[in-house]
Amino acid sequence: MEQLIRSGFSGRVTKSGFLGAARSMSTAWWSHVEPAAKDPILGVTEAFLADPSPNKVNVGVGAYRDDNGKPVVLGCVREAERRIAGNLNMEYLPMGGSVKMVEETLKLAYGENSDLIKDKRIAAVQALSGTGACRLFADFQKRFSPDSQIYIPVPTWSNHHNIWRDANVPQRTFHYYHPESKGLDFASLMDDVKNAPNGSFFLLHACAHNPTGVDPTEEQWKEISYQFKVKGHYALFDMAYQGFASGDPERDAKSIRIFLEDGHLIGCAQSYAKNMGLYGQRVGCLSMVCEDEKQAVAVKSQLQQIARPMYSNPPIHGALVVSIILTDPDLKKLWLKEVKGMADRIIGMRTSLRENLENLGSPLSWDHITKQIGMFCYSGMTPEQVDRLTNEFHIYLTRNGRISMAGVTTGNVGYLANAIHEVTKTA
Amino acid sequence: MSIANDSVFSHIVHAPEDPILGVTVAYNKDQSPVKLNLGVGAYRTEEGKPLVLNVVRKAERLLVDDNSRVKEYLPITGLADFNKLSAKLIFGANSPAVSENRVVTVQCLSGTGSLKVGASFLGRHYHQKIIYIPLPTWGNHPKVFTIAGLSVKSYRYYNPSTRGLDFQGLLEDLGNAPNGSIVLLHACAHNPTGVDPTPHQWDQIRQLMRAKALLPFFDSAYQGFASGSLDADADAVRKFVADGGECLAAQSYAKNMGLYGERVGALSIVCKSADVAPRVESQLKLVIRPMYSSPPIHGASIVATILKNEEMYREWTVELKAMADRIIRMRQQLFYALKDKGTPGDWSHIVKQIGMFTFTGLNSKQVEFMAKEYHIYMTSDGRISMAGLSSKTVPHLTEAIHAAVSNVA
Numbered sequence: 001m002e003q004l005i006r007s008g009f010s011g012r013v014t015k016s017g018f019l020g021a022a023r024s025m026s027t028a029w030w031s032h033v034e035p036a037a038k039d040p041i042l043g044v045t046e047a048f049l050a051d052p053s054p055n056k057v058n059v060g061v062g063a064y065r066d067d068n069g070k071p072v073v074l075g076c077v078r079e080a081e082r083r084i085a086g087n088l089n090m091e092y093l094p095m096g097g098s099v100k101m102v103e104e105t106l107k108l109a110y111g112e113n114s115d116l117i118k119d120k121r122i123a124a125v126q127a128l129s130g131t132g133a134c135r136l137f138a139d140f141q142k143r144f145s146p147d148s149q150i151y152i153p154v155p156t157w158s159n160h161h162n163i164w165r166d167a168n169v170p171q172r173t174f175h176y177y178h179p180e181s182k183g184l185d186f187a188s189l190m191d192d193v194k195n196a197p198n199g200s201f202f203l204l205h206a207c208a209h210n211p212t213g214v215d216p217t218e219e220q221w222k223e224i225s226y227q228f229k230v231k232g233h234y235a236l237f238d239m240a241y242q243g244f245a246s247g248d249p250e251r252d253a254k255s256i257r258i259f260l261e262d263g264h265l266i267g268c269a270q271s272y273a274k275n276m277g278l279y280g281q282r283v284g285c286l287s288m289v290c291e292d293e294k295q296a297v298a299v300k301s302q303l304q305q306i307a308r309p310m311y312s313n314p315p316i317h318g319a320l321v322v323s324i325i326l327t328d329p330d331l332k333k334l335w336l337k338e339v340k341g342m343a344d345r346i347i348g349m350r351t352s353l354r355e356n357l358e359n360l361g362s363p364l365s366w367d368h369i370t371k372q373i374g375m376f377c378y379s380g381m382t383p384e385q386v387d388r389l390t391n392e393f394h395i396y397l398t399r400n401g402r403i404s405m406a407g408v409t410t411g412n413v414g415y416l417a418n419a420i421h422e423v424t425k426t427a
Numbered sequence: 428m429s430i431a432n433d434s435v436f437s438h439i440v441h442a443p444e445d446p447i448l449g450v451t452v453a454y455n456k457d458q459s460p461v462k463l464n465l466g467v468g469a470y471r472t473e474e475g476k477p478l479v480l481n482v483v484r485k486a487e488r489l490l491v492d493d494n495s496r497v498k499e500y501l502p503i504t505g506l507a508d509f510n511k512l513s514a515k516l517i518f519g520a521n522s523p524a525v526s527e528n529r530v531v532t533v534q535c536l537s538g539t540g541s542l543k544v545g546a547s548f549l550g551r552h553y554h555q556k557i558i559y560i561p562l563p564t565w566g567n568h569p570k571v572f573t574i575a576g577l578s579v580k581s582y583r584y585y586n587p588s589t590r591g592l593d594f595q596g597l598l599e600d601l602g603n604a605p606n607g608s609i610v611l612l613h614a615c616a617h618n619p620t621g622v623d624p625t626p627h628q629w630d631q632i633r634q635l636m637r638a639k640a641l642l643p644f645f646d647s648a649y650q651g652f653a654s655g656s657l658d659a660d661a662d663a664v665r666k667f668v669a670d671g672g673e674c675l676a677a678q679s680y681a682k683n684m685g686l687y688g689e690r691v692g693a694l695s696i697v698c699k700s701a702d703v704a705p706r707v708e709s710q711l712k713l714v715i716r717p718m719y720s721s722p723p724i725h726g727a728s729i730v731a732t733i734l735k736n737e738e739m740y741r742e743w744t745v746e747l748k749a750m751a752d753r754i755i756r757m758r759q760q761l762f763y764a765l766k767d768k769g770t771p772g773d774w775s776h777i778v779k780q781i782g783m784f785t786f787t788g789l790n791s792k793q794v795e796f797m798a799k800e801y802h803i804y805m806t807s808d809g810r811i812s813m814a815g816l817s818s819k820t821v822p823h824l825t826e827a828i829h830a831a832v833s834n835v836a
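Heads up: the sequence lines are chains R and G, in that order.
Residues 1 to 427 (this note's numbering) make up the first sequence, in order.
Residues 428 to 836 (this note's numbering) make up the second sequence, in order.
Looking at chain G on its own, in the form it has when it is part of the complex (with noise of 0.2 Å):
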């Protein structure tokens, strides 16, 4: 006699699609031959196509010629090269904090995995588990801290009336914060909306924190990529370091090095103190193991082979420049166009934001019919990627908007 073999998930409903992947599976079912893709945050040439930067195309050909190379483990905390060279990155070459040993870096799979991981180890280790995230930010970061036993709040920080700061709200939710609260601030771009704090203002949010012990969670995933320049985006995480606290940071290479599907990035945690700094890495591995025992190598090799070489740094800041000035370029190609055409509205937010994305203002009916009517794909909150557009498809998107704003509430 057996038991009925049915399936024991059979209970299993269909989950719902990710708000933001869900974006290009949408515009992939597409057959209209203008469609357009303004979602996922992925760097397109003027001719609409995925770029290989040649530094990194450099790079691979020579470490496939290199019959030395072999492709065994990395171990848990991954390259070591390349983790002393992302530190260096982030923090500058001159960091004491680097120099005093009390920075460990850990190999994660690009930014979604730096901040699971270095989640993870808060939820365990750290003595308030408590998060407080902007409101908005990018779709996939409530999952990551909730799932690493975090508890999840959110602090003001978009003003949708100016599309700008809400400092003052900012200031006050971190100020009513408990003390030691883990914050979540992006390096530079927020990611959706553009807006980022002004120098002075990254000081007085330090100083709030550091007088109530609120630990810093950094996400650095367009370094290079918002003013072009890879030091000016790493200002802030910075001066956090500056003044001797701790921080925590994720670094991603999927924009700034167009490493998208190689999945790299890096976690680095600042210690107080270079005897802490160890043990903090030997509990990172424990986390890491049972995930995925250790990093892939593949798109670290790339990295590191560029960071290392003066001229290929060099040629690369060159190629990043070059995209981060295609998206200023669209952002002001895109606001004049609306101004020409009188689309009701002051659009200057478009040039004003910073970085990939811009936060349109568009609301999720007008997206809707931007969708069906005109085939332009974006997140429902309106945020569309600036690095999808180009000069000849910036007037069709002018047409939709300025049609989405007229006719839809």
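Pulled out of the complex, with its shape left as it was, chain R reads as follows (with noise of 0.2 Å):
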């Protein structure tokens, strides 16, 4: 028994009915799917790129801009990849991704001379940039300790919230930024940090934070290690700047390196995307501290079961351009002098921005432009203020009012200032 049906887009007519069972073809099994929601950050740009305005400025995404508002590729890099190309297999890595890779990574965020790394203590996978190494590690607390949340700064980069919500970590908020001063709202942190359940896990940005820029001194630093050893809490430390924030790796790797002098047992998780411009390439490392050499070395075997149904093992290419840069002196010292040419420029942006506002007669303080760190500028006008500064002056930023000095350029930061006071004198 044979049935024609007729499909429900193309008017096209089949047949079937195998069993004879007649069933009509309805229309989609993906018709109840809703269009989702444009993520907060990648939409500015894809909005930007549709604006025909000759105008535009694209102060967004957090993407390493030069001086005239074009993206970089670092000559270390080129220079790393020309070695690479054509010369190189691209067999499969190991699930846990490039051990040499690895090994430098270690070395930046735990010191080059580090005894954990000595130890062998540290469990660490090459992973997908930094958001692939938030990720693993999300799924591996989900898996082992999944009775535990993750306590999330206010704010955070928003991707964080979806992260953990897809590893179905419950989440919950500690106080980060005080909107009066635009710095740290130290207090309420501390009182949250003492108020969490004992044994609590906690994402810490290591350095320039994303998306305020403010970042906790050193002294403060040391009491949150302190108060952190009192409650026992777990401190995932996530840094996607380091060497892009002060200009020095080492500097920028300091709240790190406080907590393990406190014998704190950390989560890291480190990305290139930025401080060696590898953003495309997706190139990262999450690393655990671990009591011993032996359950580092089970730790980092469910780390890879992990991946394994994920993506199987991570990509080469990028890793590969990491370690050639990383163990070649002269290429590594050729990174450290481009890491510090970015960060200084955005440091002088900075300055410059600040300058031009109050050279506008602003009658608002504009001093956390220059006393904020790293990419990010959190300035401080309201989503209504934004919307203005796109609709009318083409300039496309998170509504939240989070600039990517990494946009701002000699070139438009006159036009910048100009929009910015144009929409918040009268605030």
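Derived by calculation from the structure, the hints in this document are not laboratory data.
Treat the hints with caution; some may be incorrect.
Unchecked claim - With the Cβ distance kept under 10 Å, some of the chain R side facing chain G (calculated, not the full set):
| id | residue |
| --- | --- |
| 1 | Val61 |
| 2 | Arg135 |
| 3 | Gln171 |
| 4 | Thr173 |
| 5 | Phe186 |
| 6 | Cys290 |
| 7 | Val299 |
| 8 | Pro309 |
| 9 | Lys371 |
To be verified - Listed below are the simulated BS3-like cross-link pairs for lysine-lysine, each with C-alpha atoms no more than 30 Å apart in a straight line:
| id | chain 1 | residue 1 | chain 2 | residue 2 |
| --- | --- | --- | --- | --- |
| 10 | G | Lys799 | R | Lys332 |
| 11 | R | Lys294 | G | Lys570 |
| 12 | R | Lys38 | G | Lys556 |
| 13 | R | Lys142 | G | Lys515 |
| 14 | G | Lys712 | R | Lys70 |
| 15 | G | Lys456 | R | Lys118 |
| 16 | G | Lys485 | R | Lys70 |
| 17 | G | Lys485 | R | Lys120 |
| 18 | G | Lys768 | G | Lys792 |
| 19 | G | Lys799 | G | Lys819 |
| 20 | R | Lys142 | G | Lys556 |
| 21 | G | Lys485 | R | Lys38 |
| 22 | R | Lys294 | G | Lys799 |
| 23 | G | Lys735 | R | Lys70 |
| 24 | R | Lys100 | G | Lys570 |
No experiment lies behind these values; they were computed from the predicted model shown.
Ideal placement from N, C-alpha and C gives every residue a C-beta, glycine not left out.
Mind assembling these two chains? They're in different frames, but the hints should get you there.
Listed below in structure tokens is the structure:
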């Protein structure tokens, strides 16, 4: 028994009915699928690209631009790629990724002469940039501390919420940003640390907090570390901007080193997206300090089990670029110079933006622009003011008022300052 | 007073080795000069070396020498060119589904990543959260689907006594599946068995599935590698798309372009109508963003460079056919060697099976024996990667199989 079924869309007629079952082909299994909300950060670039205005400025996504507003491929990266191109094979990496790349990456975070590295106490795997590292940790946390929650600072990078949500780990927040001072709400932060149940998991931004650019001082980090010891809390550091914040990678890792000195068994998510400009290559690392080598081996094996059904093994190209650069003394020197160059340009733009606003006679205080650190400035503008910037001035940024200083140039800083002044002068 | 800073993870035990990737770990530890790795499915030359295709080297140099290229983040869905070209590759240049804008394609991390994103999407949005996978299948399949929240069941596929397809069993099991269930199909060169349905059998499978509204999820990891022809190897997928129904397809460039470690692949979802497709794409983005934000650029750029250039595309098909042909030669050599040696058993499945692997029929004890006594490594299900063989090593393997079959029950 056969039935002629009219296909829902094209009107073509097909024969069907193997068992005579006349199943009318409904118009798709996906008709109930709602259009998803645009990603608040990546959606900004999409909108920017669609804008035909010649004056448009993109200070949305955190990707570095040179003073001509162009993306940059670092010289050390180009050289590394020349050495790779057509010369190396493309075999699968192990599930845990490139051993060499991971070794070098741990040195950056934990220190060249770290005892933890010597004693093989760190479980570490190559990850898909910072996002992938956080996701591996979140999945691991869910599997091995199933009753735990994650404390996330307010505000934070929006994707952090998506990551722990998709990993099914319940989220709590802790105070971080102080809107009135546009600085750190240290007292409330410490209260939240003290009030959290003992042994809670906390997500900390190691340096150059995203989106606020507000970092604790060294003294404050020491107090946080001490309180963490008292409470037995777990610290996961998300370090996406090492080298980018101050221009000195060692300095930018200070918070981590303070925790390590105090004996914390931390976790650390590292990314080479910004500091080596490897954005689209997706290169990063997740590491977890363990009590001994045996535990580190066990933990690493479990991290690999999480990676395997997600993507089997991580991409090789970016990892090769990183290991070539970091194991060649001349290339490493060049990299450090280029990272400092990027950080210095941003610091210069901060100064310039602030000066411009002050010269325009803005009634507001803008010293947070130079106090904050890293790629972003949390301007303090409201979503409505941001909308005006976009609609009237074709300036694109996220609605939380976060400006990517990397997108500011000597060419557009005047225009930007003027526009900000226009929308805030009657604030 | 401080709470003792014990690790919160001190209860963690060492995870078992991955059954497939663990083989290479064991192989690497072995010191024997005659050791042979027939485990993971990565192509080797006659000299036993990994191979980077010439056209890939060429593409890579072009990319490096192009100073206008940058390393910016790709969109969440990946490189647009790559996506379009990948859809064209699997669905065909004249696919109405593509020209009618009914196909969503997103770049993913090779085959695994494409399966993972598709499975997660189905786990979230599809009404029938059961997936049927063939028995046997690639070792990583069950985990990928289970973690995505799907209930994994199996359908009969391989018949150990004929070493061929258990077609009746397959039809029965799919016939008994609840309507709307998802069905995982290996597009060609079934892994691990190398046993594929005939075109006529594919047609019957398709009709049964459409009658029960079973949702096809194709895993295409060997297009071009099975028969040497990219079009022939995509025929099953294209017939399903041609009947106007919906399906998912996971593509990998690991083997057919030798891009293994670059992790290049694509997930396509063929929808009934063009208005559904953008909504589906937007939801796929929500799956991807909290996983790794966006896919890696390098490998996809190489693929796009090759696929969009007529001359390079042609070069690729030639190199691909050469790989497929070498594998077919190895099958013949091994088969005749075993025959000449008088090894007990019928070994014709070696030349009947297709693709990178041979499901030898060796049991796990025999496999262990071959590793221990002959330093030959394969997965415990007796699957050998023909790509890892060369004319030089066929005699060693022949000896080992002969010994295993004769001495180990």
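**OP:** Assess, step by step, whether the Cα of G:Lys799 is no farther than 30 Å from the Cα of R:Lys332, and give holds or violated.
**Re:** Measuring from Cα to Cα gives roughly 45 Å; hence the hint is violated.
Subject >> Pair hint outcome, G:Lys485 versus R:Lys120 [Cα-Cα no greater than 30 Å] >> reply: violated, 40 Å
Subject >> R:Phe186 as chain G interface residue, shortest Cβ-Cβ below 10 Å >> reply: R:Phe186 check fails; min Cβ-Cβ to chain G is 21 Å, beyond 10 Å.
Subject >> Satisfaction of hint between G:Lys819 and G:Lys799, Cα-Cα up to 30 Å >> reply: Holds. G:Lys799 to G:Lys819 sits at ~20 Å (cutoff 30 Å).
Subject >> G:Lys485 paired with R:Lys38 [C-alpha distance capped at 30 Å] >> reply: violated, 38 Å
Original post:
Taking the least C-beta to C-beta distance, is R:Arg135 closer than 10 Å to chain G?
Top reply: holds, 6 Å
Subject >> Interface hint status, R:Thr173 versus chain G (Cβ within 10 Å) >> reply: With a minimum Cβ separation of about 18 Å from chain G (threshold 10 Å), the hint on R:Thr173 is violated.
Original post:
Does the nearest C-beta of chain G fall within a distance shorter than 10 Å of the C-beta of R:Val61?
Top reply: Status holds, d = 7 Å.
Original post:
Given the hinted pair R:Lys100 and G:Lys570, is their alpha-carbon gap at most 30 Å?
Top reply: holds, 29 Å
Original post:
With 10 Å as the cut and Cβ atoms as the points, is R:Cys290 at the interface with chain G?
Top reply: holds, 6 Å
Original post:
For the pair supplied as a hint, G:Lys768 and G:Lys792, is the alpha-carbon distance within the 30 Å limit?
Top reply: holds, 22 Å
Subject >> Holds or violated: G:Lys712 to R:Lys70, with C-alpha atoms at most 30 Å apart >> reply: holds, 27 Å
When the structure is compared with the earlier hints, violations turn up for hints 3, 4, 5, 9, 10, 13, 17, 21 and for no others.
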